[in-house]
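Novice: Chain by chain, the residues run as shown.
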Amino acid sequence: MSDAALLRTMLLCRAVEARLAARPDCGFQLFSAGEEAVAAGLCAVLGPGDQLLCSGRSIAPALARGLDPAAVVAELLGRTGGPCRGRAGRGHLAQPSAGFFGAHAVVAGNLSIAAGVALAFQAAARPGIVAVLFGDGAAGAGALHETLNIAALWQLPLLFVCSNNGWSISTPAAAHLAPARVADLARPFGIPAATVDGTDAPAVRDAAAALAAGIRAGGGPAFLEAVSVRLGPHSTSARESRTRADLAALAARDPIARLSAALGEALAAPLRAAADAAADAAFRTAEASPPATADELDDAA
Amino acid sequence: MSDAALLRTMLLCRAVEARLAARPDCGFQLFSAGEEAVAAGLCAVLGPGDQLLCSGRSIAPALARGLDPAAVVAELLGRTGGPCRGRAGRGHLAQPSAGFFGAHAVVAGNLSIAAGVALAFQAAARPGIVAVLFGDGAAGAGALHETLNIAALWQLPLLFVCSNNGWSISTPAAAHLAPARVADLARPFGIPAATVDGTDAPAVRDAAAALAAGIRAGGGPAFLEAVSVRLGPHSTSARESRTRADLAALAARDPIARLSAALGEALAAPLRAAADAAADAAFRTAEASPPATADELDDAA
Amino acid sequence: MPPEAPATRRFFREAIARALREEMRRDPSLLLLGQDIGAFGGPYRDFEGLLAEFGPARVRDTPVAEAAMVGLGVGAAAAGARTLVAITYMDFLMPALDPLVNYAAKLRFKTAGQLAAPVVVKTTAGAKGQGVAHSQCLEAWLMNVPGLAVVAPSSPGDAYGLLKTALRAPGPVVFVDHKRLFPMAGPVPDAEAAIPFGLAAIRRAGRDVTLATHGWMTHPTLAAAASLAEAGISAEVVELRSLAPLDIETLAASAARTGALVAVEEGQLPCGVGAEIAFRVRECVPALAVARVGARPVPVSSNPVLEAASLPDAPRIAAAARRLLRPSAGETA
Amino acid sequence: MPPEAPATRRFFREAIARALREEMRRDPSLLLLGQDIGAFGGPYRDFEGLLAEFGPARVRDTPVAEAAMVGLGVGAAAAGARTLVAITYMDFLMPALDPLVNYAAKLRFKTAGQLAAPVVVKTTAGAKGQGVAHSQCLEAWLMNVPGLAVVAPSSPGDAYGLLKTALRAPGPVVFVDHKRLFPMAGPVPDAEAAIPFGLAAIRRAGRDVTLATHGWMTHPTLAAAASLAEAGISAEVVELRSLAPLDIETLAASAARTGALVAVEEGQLPCGVGAEIAFRVRECVPALAVARVGARPVPVSSNPVLEAASLPDAPRIAAAARRLLRPSAGETA
Ligand SMILES: Cc1ncc(C[n+]2csc(CCOP(=O)(O)OP(=O)(O)O)c2C)c(N)n1
Ligand SMILES: Cc1ncc(C[n+]2csc(CCOP(=O)(O)OP(=O)(O)O)c2C)c(N)n1
Ligand SMILES: [Mg+2]
Ligand SMILES: [Mg+2]
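Read top to bottom, the protein sequences are chains A, B, C and D.
Using this note's numbering, count along the first sequence one by one with no gaps and you end on 308.
Using this note's numbering, count along the second sequence one by one with no gaps and you end on 308.
Using this note's numbering, count along the third sequence one by one with no gaps and you end on 337.
Using this note's numbering, count along the fourth sequence one by one with no gaps and you end on 337.
Keep in mind the hints are simulated off the structure, nothing from the lab.
Possibly wrong hints are sitting among the right ones.
[As the list claims (entries may be wrong)] Okay, the calculated beta carbon distance ranges per label pair:
| no. | chain 1 | residue 1 | chain 2 | residue 2 | range |
| --- | --- | --- | --- | --- | --- |
| 1 | C | E57 | B | D305 | 35 to 45 Å |
| 2 | A | A29 | C | R211 | 50 to 60 Å |
| 3 | D | G59 | B | P297 | 46 to 56 Å |
[Claimed, not checked] List of simulated lysine to any residue pairs, SDA-like, C-alpha gap at most 20 Å:
| no. | chain 1 | residue 1 | chain 2 | residue 2 |
| --- | --- | --- | --- | --- |
| 4 | C | K183 | A | A245 |
| 5 | D | K132 | B | T300 |
| 6 | D | K132 | B | A245 |
[Said to hold, decoys possible] Not everything, but these chain B residues come out facing chain C in the computed CB check (under 7 Å):
| no. | residue |
| --- | --- |
| 7 | A101 |
| 8 | E153 |
| 9 | T154 |
| 10 | W174 |
| 11 | I176 |
Since we're looking at a predicted model, the values are computed, not measured.
Note that the Cβ used here is the ideal one computed from N, Cα and C, for glycine as well.
Please model the complete structure; the sequences and the hints are all you need to start from.
Specialist: Right, dumping it as structure tokens:
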């Protein structure tokens, strides 16, 4: 995927989230602003036969994976036009037919599930790989250890991707994670690991590509740490716990500004306009979709 | 503790277990034969203000910690003379007043408990350290990761000791643990770690002493891997899964034979006789203790 | 608290913070462990001010590692500290059940009293827009475990008083609050006061039917009672407050007076709180009309339409009471 | 199975191994995950021969990591494989409840049918000398979770038939056996046969009282019925077999005939299986005498004296039935 395509993806993510954030009825959301380069760079190396799983911070990953933006927005707004008919929302958004096995809002809860998907691939001799995207907060959970160990033992086609934005809600990584680099956790298991600047979309793409190639070649699991930034508060309901100065410093690392500058305003401006138009269209289509009704529950038993 | 004292401890463990194994009413037991050097070497560096926690393979650890052998045997035989009045048995044997916080038969279940004990020590500015003894099987559990991380972050006075006997029931370490050395798991957390021959009691003692000194000096947690052998089957009810040839090779690594040979038969023979006598006495005393009766349950609610 | 005690209106979160503050002052061994409970003050601000007063050695932000959090809390409690572990949502208690149920709940018995684990696990149950894995009510699981105390307040005053008792209890206690309680305010006694476990409270007196409930559901249940009153049905509302131990006496006495019991809970019905209290009350009051109301047997979606449709509310509670009293009326919930 | 079907006496473990073998042959996507299930053949030898026939890619020994084991099983099942995860003892299911309850049980609903998790978690409940953290019965917790099926056989024949159904089910199933069942033998039909979920079985016909139970407790309950018969009380024994779904029809029909129900379980009573079935049966049979029998509210010690004293046995079950039928007799359990 070209750098321009990466920028296009990131701009779409930002535009959709911005529109959602502006709505009073947006519900409980976790946005990816500042972390779009991780989603875009990672998804650039995933093909149609691969699967992506992620945490509850799912909007950019889903869009970057190529889901129909209107369907994603419909899901977020609780409309039946969403792939989960508005039942899942952001926290559990999924469209496996599009290679997006889904979000799971339990921190670290998707790691062993992803390994299971990779196991199914391996057992069926399916050629794809599975990527699982999680945060630095998830890296303190025992699920990571158990999953790294089994993935290494069984040589599962699994790419661990940690978007290390430095925070678990209000807790800085230094207070919740003893290792200086998350990627170091993979090393005792003999799993190839790399740390990359997660605000540099092409760098994420290239690092992911190298690791994914190893997995595709039968080398077993790999681990990518992308050091990213979270530009906004943890969620739409969480207070911002960082200082203005901190936030200003983070804003300077905005991955979209960075790649826009690199590619030049002449290229970026029309991409921005196109992203805005695509986001507007997605919301229009989504709003035309009927809201979920209580009848959905009849399908549950 | 002198090498002779280490041998005395190991001989007592072996003698007590042998007598227990010979009884038809011995119940469900996990023996430490082959791993006595780990218990003896570790306990040699623990003082009265320290606490030891272990897995369900608890008999040698309890005896090495200096618990009254008669009380230990009473507990194992379900007598009220046991420190837990015969309620706990081997799986949950405990006598915190003697520095033995206790066994816990859930694999890896004692790791975070031990860290909690260490936290209580730290919070109360108590000078002691806490040691937690577990197997290679427990090293695949997420509890280890979570506990290593928190112990490192909070610099808890906690000594992790893995008796790596190479087996989790019938599963060899190569099939259940990807890292070549268990001690490598501690390194990403910045926790000092060492691997030692766990059949060499003085070597275990010396390695434990060095790490314990670091903890006592305020250096935070440390990790000791002792590569040991399990001479018998996993438990009194488990089938032996290893070949005769394997077992013969393991027998050659018997820590008691090794230290006896090093110290010479002139020294070892009387120690052996004394251990046998002590074990016999422990069983006599224990058998005189009344069995637990259903009245114990009235105390539970 | 006796109704006449001088009291001041406080938010639910303030009542919790006050109980914690007072007990931290009283018991220097008390440690608090939780995600974002330090400078952030807790996801619901119920830990606000504690870090500032007691410092980071006693108010500890933890990693996202619920199993170890509870394990550490239990181990420290067993070793002579007293601990409170905050598990943000009750759904995340699952990974922590091993240390809580397999260790803490057994500890006093298995060591013949040598050790005990005076740990409070404080957690938040119930639904408020966060979806299938952030909305569950697992009180019934905990009631099934001997050795655990379980309490669930519905008001700031009770949260204050029950948390104080929890922080002085001899063994493990699970303190269950609810997302919808945090925005609420209500009277909290000015004087220090603990509420003993095992005492239900009659929140509204009535003659025709007893509505038994706990936690947040107390509020829709009171609303149901009000609407039943308009229809000429006098409903008594008994709030359990303490689920283990359970105050069956108060409940049975009410049911004996009214002759009818509706057990209301937000959680799932099978093997739920209602099944238990129905059984226990019927042991005392054999000829009793009984119904239960709880969640529909579906996951609780973050979608507000589906969330509301899956959970009990005042109209459904009232409808269940009406059906119970006039079985022929054939109303539907 | 219909009683007339040709059958051969097999050990419980053999019945399980046969169901697994047949389903492994039928469904090449089926994977088995568990500790020591490969060359060792499983702690109870119920996986014997499977590694040899199906190889290490399909019969996988795992680390001691129950949470990840179930997570992998669930994920693989969701991705098109079918999986069975063996969790040695039900106590160790606790760390694995997150993937099972927070993910698998919700998956079909939350994805609107895009995904489902046809995983079988096979685990062993109950007490047999292994102590406080290796003896628990958590069936009631699982019944409380919508989206999970729960079955618990008491005989080789049912283990065979129910496991086959479990391995063809569309969503997650917990298959609960019991330590005391493994040494047992009994008829297993010679022809391939699955037993549908949701069908209780009347194990002994009777007129005076219905004894309802499941799993291992079926055997002490049958012994209790035999001893009641000597005392002139005709007890009907209904074995539930499937706890979710629950066959209330069969049970209620029996209770309607006898007019009395004793619910027997090995687990704890509060919010237990007995509380649930009592509630459900009374919905159908309002004027019913009901009692329940379960564990005393204490941890289950490995000490054989204490273990036996804490759990139901035939004399206690019979005593409960006698008390229920002749409340004035004042017998004690
Ligand atoms: C098991 C669990 N514990 C706690 C939470 C509450 N929670 C939601 S997001 C979050 C922060 C996780 O941090 P990180 O993994 O770094 O992801 P980020 O929010 O930075 O994307 C927490 C603690 C949860 N959802 N699941
Ligand atoms: C959580 C849990 N899972 C499984 C078991 C069953 N089990 C008992 S001992 C054991 C082996 C553990 O191996 P290791 O930690 O190496 O200890 P060792 O037996 O070698 O001393 C297992 C799997 C258990 N007790 N707890
Ligand atoms: Mg983060
Ligand atoms: Mg081992």
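Novice: All the hints need checking, so say for each whether the structure fits it.
Specialist: Hint check:
1. C:E57 to B:D305: 35 to 45 Å: Because 43 Å falls inside the window, the suggested range holds.
2. A:A29 to C:R211: 50 to 60 Å: holds, 53 Å
3. D:G59 to B:P297: 46 to 56 Å: Holds - the Cβ-Cβ distance for G59 of chain D and P297 of chain B, about 54 Å, lies within 46 to 56 Å.
4. C:K183 to A:A245: holds, 14 Å
5. D:K132 to B:T300: holds, 18 Å
6. D:K132 to B:A245: holds, 15 Å
7. A101: Given a least distance of 5 Å, the restraint on A101 of chain B holds.
8. E153: Interface hint status for E153 of chain B: holds (4 Å vs cutoff 7 Å).
9. T154: Nearest chain C Cβ about 5 Å off; hint holds.
10. W174: violated, 23 Å
11. I176: Violated: closest Cβ of chain C sits about 19 Å from I176 of chain B, beyond 7 Å.
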